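When you get a sec, could you build the whole thing from the sequences and use the hints?
Chains as they are written, first to last, in the numbering used here: chain L, 35 to 349; chain V, 35 to 349; chain P, 35 to 349.
Be careful, since some hints might not be right.
Note: identical chains are not told apart, hence a pair may lie in one copy or across any two.
Think about it this way: if two alpha-carbon atoms lie no more than 27 Å apart in a straight line, the pair counts; the simulated DSS-like pairs of lysine-lysine are [as the list claims (entries may be wrong)]:
#, residue 1, residue 2
1, K196, K106
2, K52, K71
3, K169, K58
4, K212, K106
5, K106, K163
6, K169, K196
7, K36, K52
8, K239, K212
9, K228, K196
Please keep in mind that the hints were generated in silico from the structure rather than gathered at the bench. These numbers come from a predicted model, not from an experiment.
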Amino acid sequence: MKLFSSVNDVTDIDALVKEALALKQNPYANQELGKNKTLALVFLNPSLRTRMSTQKAALNLGMNVMVLNIDKEGWALELRDGVVMDGTTVEHIREAAGVMGQYADIIGVRSFPGLRNREEDYSEMIFNKFVEFCKVPVVSLESATRHPLQSLADLVTITELKTTARPKVVLTWAPHIKPLPQAVPNSFSEWMCKADVDFTIVQPKGYELCADFTQGATISYNQDEALVDADFIYVKNWSAYEPYGNILGKNEEWMLTNEKLKLTNNAKVMHCLPVRRNLELSDEILDGPNSIVVHEAGNRVWAAQAVLKQMLESL
Amino acid sequence: MKLFSSVNDVTDIDALVKEALALKQNPYANQELGKNKTLALVFLNPSLRTRMSTQKAALNLGMNVMVLNIDKEGWALELRDGVVMDGTTVEHIREAAGVMGQYADIIGVRSFPGLRNREEDYSEMIFNKFVEFCKVPVVSLESATRHPLQSLADLVTITELKTTARPKVVLTWAPHIKPLPQAVPNSFSEWMCKADVDFTIVQPKGYELCADFTQGATISYNQDEALVDADFIYVKNWSAYEPYGNILGKNEEWMLTNEKLKLTNNAKVMHCLPVRRNLELSDEILDGPNSIVVHEAGNRVWAAQAVLKQMLESL
Amino acid sequence: MKLFSSVNDVTDIDALVKEALALKQNPYANQELGKNKTLALVFLNPSLRTRMSTQKAALNLGMNVMVLNIDKEGWALELRDGVVMDGTTVEHIREAAGVMGQYADIIGVRSFPGLRNREEDYSEMIFNKFVEFCKVPVVSLESATRHPLQSLADLVTITELKTTARPKVVLTWAPHIKPLPQAVPNSFSEWMCKADVDFTIVQPKGYELCADFTQGATISYNQDEALVDADFIYVKNWSAYEPYGNILGKNEEWMLTNEKLKLTNNAKVMHCLPVRRNLELSDEILDGPNSIVVHEAGNRVWAAQAVLKQMLESL
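Put into structure tokens, the structure is as follows:
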């Protein structure tokens, strides 16, 4: 594997999930593979789970890890081409990425969308420039429109904990006070659409995700109906795709509660975290027996390790 | 050892001090113990000595180390329970700590007090929530009311350098321009009260520490009298316990000088650092032959290594 | 080697360059040398290349690395002696450096000049205090007046890529909108003056570097003349030495272009990076076949590794 930016970079999803679950049982068996190999984790935005789980995955594989908060520790990056850099940016992404490719065998990059210009965000300009100019394998640590390491960990978690062959998985929109990216729901949706699950997305009118990511999903606008018999509920807020990056209303009644859980097949509740308590998801759910959010976060290690292992094998 | 938050977590103080001094002679003998074990160092506040010495201690033991400045690199933490998170905090400590416990075998946490609400600070809310929710062994890297790794290093230093069986140790208040926590003097006091030393605390009226930490200490208000025949002087500023977090006056005459040192038994001068020169402690002392502050800081490695070693042995 | 602050600390420049090129061919042969040795990289200013390449070099040698952004993660440093520290600085460089020397076998320090007081900057006060008080070998990661790891990497690059025994090397001033330090051109010049090259410096009147660094160089004010038959062009902006730290005019015509390249012997174009595109150096050069800036940045690893290896051998 030379690139991990979406589900489309994976040739055999089942095999990758099985690899992750096998690594969870036997984390340290491949340390010769990573010996003297360096992973650079480059952050243009904050991170807790992705930062720590990917670092841990690399260490499990015997790799060295260098973490760089590029805007805070390095230099303010210019992302546009052809400009005269006489403003506040100090280094162009062309040089920054090119140089990092000299120091690392694999690079992970996190770059959030601006949520102002949909075309620019959905062209994945920043992430794609990194890939183009660093010239080494790249793992997305969440880009403008996708968060594939999260989605792989989510599929690993569902595979690990499902009690029926083909579980019902519901992605439900949740309230928030700030406009959030569509990266997590886009990505979760495109992974679920390729997995052996019965997949429904439910959201208030106007919050439909870009159709490119939801081919094969059942689309609903009635949360109560959608939750019926659900085995897994994936809770997440996102801002509108059209008008891009907008919040369309409070929709406080969309917050999941124990009352709503009664509609489900005792569903396990997932969230990528961070989660705003009592806004996106209630205390009673997060502190109750149905929440698997911490367990899900733990599986981030094995998802990252499976991807890094396949990348190391292809170096 | 599953928790290192105060002297009360140590079953045999003498043995722990001896372990630290033994590790100083032979730092690399236990690297199999830490192999494939990960220490996460989580900072809610700045750190130099604690950060570097604990990292070095873990590396000496063969561990991997992940350092996280959580508010700057991760997400703004919510610490209160039951609130609707519709403000500036992005992640609750319950999830943050829980998730970190998935990625680390041992966690070190630094969280200073707010110095506004004594009850809240002295309940050690933040530290205790980390311990409760991360579910792995935790080392305090300084909490609201204690700094046990510093105190252990201080006792190691006194044990290493004492020239009499039962040295006289004086903790003296020093001037400062900002209200500082009571964590270092509280902690030093409770360790000294359990050690084989003659221990005096001297401070201006009104700066008495919480009595829970000073049982067995001689309490004085006359610096000149207290310093007579001292073998070790521990210099430190702290703000008042009552009214909590206040500065009660300038008290510039409390700064230690060479003139005052003449009262002592050629006392060695200690300070946890950072120290404000010529405010808390004079140049002439810090640059003179009686200062052992850098040596003392060096012993932070062996204190941390002794604690981590006992934790690794109990995993 | 106990100190690497300038070319004057190197006894045999040729041997050091050869060592760097040999390490490039065989990076992992000396890992026993660095085992259980710790490099602390201390930054008072931002860094990308120096941070990552020196970290990589140390890892290649089997060392442990601790990175500290001291002003952001540690405490605001006081640099002046004899002051009463009742302002915003929290820790004196004497203690900070002394303590770091307790935790590291080798320390790398980056400290930029203030560009306000020439005497202070050129005395290398900060860097020299670190060296004096930390008491372990120190590598400059760029100080007020020099950037020796960069210059060594530059000489390694010229040696590696030259096609004539004694190439013509031209250091040309380039435009910028902010006053930049003289560290890179000073340092490049003093290394070139000791190397087996034909070395010219060309700049607008008023931008002459301090003569201490340029003994043996041809000094020119006519860029077109200077570029004739050049084999390597080193592009860099710097502010005036007199009046110190000033910008004397826009001089936009000094930006290197493909048109100007025609004057040269198909010269390879170098820059230490970060570079402001279309201000210091044009897109057409940076994206064209003559630019070797990314390759040059890659050689930073081998320069740092050669220096660290010699330091480890002298521990």
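Right, here's what the structure says about each hint:
For a Cα distance limit of 27 Å, the shortest separation of K196 from K106 qualifies neither inside one copy, at 42 Å, nor across copies, at 37 Å. Taking identical chains as interchangeable, the C-alpha atoms of K52 and K71 lie at most 27 Å apart whether they share a chain (24 Å) or sit on different chains (24 Å). For the identical chains of this complex, K169 and K58 are inter-copy neighbours only, at 19 Å across copies versus 30 Å inside a copy, given an alpha-carbon limit of 27 Å. For a Cα distance limit of 27 Å, the shortest separation of K212 from K106 qualifies both inside one copy, at 24 Å, and across copies, at 19 Å.
For the homomeric pair K106 and K163, the shortest alpha-carbon distances inside one copy (20 Å) and between copies (26 Å) are both at most 27 Å. For the homomeric pair K169 and K196, the shortest alpha-carbon distance between copies (25 Å) is at most 27 Å, but the shortest distance inside one copy (39 Å) is not. Within a single copy, K36 and K52 get their C-alpha atoms as close as 20 Å, which meets the 27 Å cut-off; across copies the closest is 34 Å, which misses it. For the homomeric pair K239 and K212, the shortest alpha-carbon distance inside one copy (18 Å) is at most 27 Å, but the shortest distance between copies (51 Å) is not.
In this assembly of identical chains, the alpha carbons of K228 and K196 lie at most 27 Å apart only when taken from the same copy (17 Å versus 54 Å across copies).
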